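Required output: the full structure, derived from the provided sequences and hints.
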Amino acid sequence: RIIISRANKPLAVIIPYEDYQEQKEEREKERRLRLAASKIDKWRKKHAQQLKGLNSVEIIRKMRAER
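In terms of the numbering used here, the sequence shown has 418 at position 61, counting the first letter as 1, and numbering is strictly consecutive.
Just so you know, the hints here were simulated from the structure itself, not pulled from any lab data. There are no misleading hints in this set.
Okay, derived cross-link-like pairs now, SDA-like style, lysine to any residue, Cα gap no bigger than 25 Å in a straight line:
1) Lys409 <-> Met420
2) Lys381 <-> Arg391
3) Lys399 <-> Ile416
4) Lys386 <-> Arg401
5) Lys396 <-> Lys409
6) Lys402 <-> Glu415
7) Lys396 <-> Arg384
Derived CB-CB ranges, DEER-like:
8) Ile361 <-> Lys381: 19 to 29 Å
9) Glu415 <-> Glu383: 33 to 43 Å
10) Asp398 <-> Ala364: 42 to 52 Å
11) Arg391 <-> Val370: 22 to 32 Å
12) Arg424 <-> Val370: 50 to 60 Å
13) Ile361 <-> His404: 50 to 60 Å
14) Arg358 <-> Ser413: 38 to 48 Å
None of the values given here were measured: they were computed from a predicted structure. C-beta atoms are modelled at their ideal positions from N, C-alpha and C, and glycine is treated no differently.
Here is the structure:
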């Protein structure tokens with residue numbers, strides 16, 4: 358890694374392309390996870406009234422009983 362500075366203040370960093378690709382992929386993965394979490398929150402708010410009073414154990418038991 359090479360750091361470019363002016364007046365003892367870092368301005369830029371030159372990194373290997375592989376490191377850049379890894380960082381880019383990590384940022385994209387994080388963006389997708391945030392988007393998924395946002396969609397889950399929207400779904401939860403939309404269906405909160407329908408699911409009121411149910412817990413995950415009851416839902417799973419109901420799904421298994423319907424098989």
